[in-house]
Amino acid sequence: DTGVSQNPRHKITKRGQNVTFRCDPISEHNRLYWYRQTLGQGPEFLTYFQNEAQLEKSRLLSDRFSAERPKGSFSTLEIQRTEQGDSAMYLCASSPGQRAFFGQGTRLTVV
Amino acid sequence: EDKVVQSPLSLVVHEGDTVTLNCSYEVTNFRSLLWYKQEKKAPTFLFMLTSSGIEKKSGRLSSILDKKELFSILNITATQTGDSAVYLCAAPNSGGSNYKLTFGKGTLLTVNP
Chain A
1 DTGVSQNPRH KITKRGQNVT FRCDPISEHN RLYWYRQTLG QGPEFLTYFQ NEAQLEKSRL
61 LSDRFSAERP KGSFSTLEIQ RTEQGDSAMY LCASSPGQRA FFGQGTRLTV V
Chain B
1 EDKVVQSPLS LVVHEGDTVT LNCSYEVTNF RSLLWYKQEK KAPTFLFMLT SSGIEKKSGR
61 LSSILDKKEL FSILNITATQ TGDSAVYLCA APNSGGSNYK LTFGKGTLLT VNP
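Chains A and B, in that order, give the protein sequences.
With our numbering applied, the first sequence corresponds to residues 1 to 111, in that order.
With our numbering applied, the second sequence corresponds to residues 1 to 113, in that order.
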């Protein structure tokens, strides 16, 4: 399968814990995006990487959130000191241009 | 700030009906409009529209863009239960190499047998 892969698919965590998600993009795509989606809403942009450089962060991305893309391949999104409001689907996408290819997402539930 | 608005937010039809989903946008330096289908997880790509008046078709689905009136429609003919999903409309960012997408809230389509 050469699509975008995300792990884990589901994560339940207690409030205050740290969580990390991983995204493996399509290998030839240099652009990588993270989005967050809550119930009844479309995905909202969080951050953008071109190769290993993080070029844009949304104001939705508080200082508890950090993302990396070492070596321009896979990416990780870490949320520190999780809050109930962080419960959402976290989607990763990669693209060669305007068309984005999405992963299956990681559904985070903070209890 | 870019804005994408979809209507209706939800729609229930019977198998065999034809549906039209609407998407209006306000985007600085418009480049394209994309439609995605989202069932349970990943949005899957349907169409990318860049030119006005040119219909794109894929089986029973078709879409068209009107750049003067700033909207697009997605048509599904002879709907099937497998068409039940959220249909998302999105526009890429207008500047530089960052093609981040601004999405509408989506239209939840339910097709009953």
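If you're looking for bench data, these hints aren't it; they were derived computationally from the structure.
Just so you know, even glycine gets a beta-carbon here, dropped at the ideal spot from N, CA and C.
Among the clues, some could well be false.
[Claimed, not checked] Within a straight-line C-alpha distance of at most 25 Å, the following computed PhoX-like cross-link-like pairs (lysine-lysine) qualify:
{"id": "1", "chain 1": "B", "residue 1": "K57", "chain 2": "B", "residue 2": "K67"}
{"id": "2", "chain 1": "B", "residue 1": "K68", "chain 2": "B", "residue 2": "K3"}
{"id": "3", "chain 1": "B", "residue 1": "K68", "chain 2": "B", "residue 2": "K57"}
{"id": "4", "chain 1": "A", "residue 1": "K57", "chain 2": "B", "residue 2": "K41"}
{"id": "5", "chain 1": "B", "residue 1": "K40", "chain 2": "A", "residue 2": "K11"}
{"id": "6", "chain 1": "B", "residue 1": "K41", "chain 2": "A", "residue 2": "K14"}
{"id": "7", "chain 1": "B", "residue 1": "K41", "chain 2": "A", "residue 2": "K11"}
[What the hints assert, rightly or not] Okay, the calculated bits of chain B under chain A, using three or more residues with CB under 8 Å as the criterion:
{"id": "8", "stretch": "41-49"}
{"id": "9", "stretch": "103-113"}
Does the structure break any of the earlier hints, and which numbers would those be? Result: no hint breaks.
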